[in-house]
Amino acid sequence: MKIFYFGGQKCGKTACAIQKTLELAKDKKPIYVATYLDNYNDKEMQERLKNHKKERSDTFITIEEGYDLSHLQEGETYLIDCLSMWILNNLEKTKEELITQIEKLFEKECNIVFILNDVSRGIIPLDSQSRKFVDLSGIIGQVVAKNCDEVYDVSYSIARQIK
Amino acid sequence: MKIFYFGGQKCGKTACAIQKTLELAKDKKPIYVATYLDNYNDKEMQERLKNHKKERSDTFITIEEGYDLSHLQEGETYLIDCLSMWILNNLEKTKEELITQIEKLFEKECNIVFILNDVSRGIIPLDSQSRKFVDLSGIIGQVVAKNCDEVYDVSYSIARQIK
Amino acid sequence: MKIFYFGGQKCGKTACAIQKTLELAKDKKPIYVATYLDNYNDKEMQERLKNHKKERSDTFITIEEGYDLSHLQEGETYLIDCLSMWILNNLEKTKEELITQIEKLFEKECNIVFILNDVSRGIIPLDSQSRKFVDLSGIIGQVVAKNCDEVYDVSYSIARQIK
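Listed in order, the protein sequences are those of chains A, B and C.
For the first sequence, my numbering assigns the number 78 to the initial residue and increments by one for each residue that follows.
For the second sequence, my numbering assigns the number 78 to the initial residue and increments by one for each residue that follows.
For the third sequence, my numbering assigns the number 78 to the initial residue and increments by one for each residue that follows.
No wet-lab data here; the hints were simulated from the structure.
For chains that are exact copies, the list does not tell them apart, and a pair is met inside one copy or across any two.
Cut-off 30 Å, straight-line C-alpha distance, at most; resulting in silico cross-link-like pairs (DSSO-like, lysine-lysine):
{"#": "1", "residue 1": "131", "residue 2": "223"}
{"#": "2", "residue 1": "79", "residue 2": "240"}
{"#": "3", "residue 1": "106", "residue 2": "223"}
{"#": "4", "residue 1": "223", "residue 2": "240"}
{"#": "5", "residue 1": "240", "residue 2": "103"}
{"#": "6", "residue 1": "131", "residue 2": "172"}
{"#": "7", "residue 1": "209", "residue 2": "131"}
{"#": "8", "residue 1": "170", "residue 2": "181"}
{"#": "9", "residue 1": "170", "residue 2": "131"}
{"#": "10", "residue 1": "97", "residue 2": "172"}
{"#": "11", "residue 1": "106", "residue 2": "130"}
{"#": "12", "residue 1": "97", "residue 2": "185"}
{"#": "13", "residue 1": "127", "residue 2": "223"}
{"#": "14", "residue 1": "103", "residue 2": "223"}
All values reported here derive from a predicted model rather than from experimental measurement.
Using the sequences and the accompanying hints, generate a full structural model.
Written as structure tokens, this is what we have:
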């Protein structure tokens, strides 16, 4: 099964996705793919991530992978948290490279739960890097939504299934 | 009854919430809790609020309260317009203080209709105050949504009940 | 029939709207109303638009109209792509003028598919022009939604009918 959760900042999408991942994994410990790279020197973010890691330590194996999602193994259950950070890390790559990498994930016989931060509904930012990030988030989100079995829109901890 | 309306800027959520409040209040005049404090010296906002106040003068008692929502009375019907402004006024308080204050509202035997501006789906702002505001809006929204009897997502005057 | 599609940046709303327009037009070639005016000297946007135009050349007649939508003809099928750009072009006009122009479109016996970029769910911008654009987008969106036969909220290429 491939499942997609999206929503705004602090909407509770990670909690929804964690619960779904644990259901999919059944008795086998699922793998948490942390895409955040600690090269922004952002103390608030580091604190936030440390808390998250502690919360899930009993239930998940955590791996850190900010660039290359291609080595996911068949038979496992993955939670990719989150695609937005992966897009940000890979902003210098072409759109086509990113789409190809994502599409290959759907050929694998494993469970994957994807999380994406919806950044599409504010005013369009002026700087070209932010615009590229917003555009790629939409494009990658479309690829993921098209290929997933289920898609959920999360607002204030309420998940609406839209596919 | 506790009801939650959220939506973007100029989505018509206040009109939806006013209608619902009047239905809940039945024959008794409901109380409009205006959380906007006139200390931003924002003429556009002042004009906007003056128009709003005029529009509702026949149907609501208006009280102005930007900080402390704890003295709501049992047996009354309230419209809190809006939580976003209340969060902005209380940005120096801790997350825990704000959550506690909101949770206490749900112990009272009164009708409350809450309005929140959804600011979660744009690009994450760089300055720490804006980030804090966005994060708290999400966190408080989750608390309210969890405890409310009904939750509505409003887009272009169309209210979708999601709980 | 009058149909309204809204959604965030790069959500796939244009593709949904194009498909609907072709269905409505049946055997007659529909008219694509491009509201983008080439006076921003934005090379990325020019490239994007050239690609869009090429993609639809077999199926649509394209007209360019950034200001005045009043000369739409009865009996035709139009796709207005998009209202957001039209609002941006007309930012110096009053709210009332814009509302009047839009309302007149609903008196015409023609099919119109409207597209609007949802910019309402980010943090409220500080500069007055951006605020005006965000506010007008919400106000015009409300007028369109109220008068349309069908309204769709598009996220990651998934269109949810909400009216």
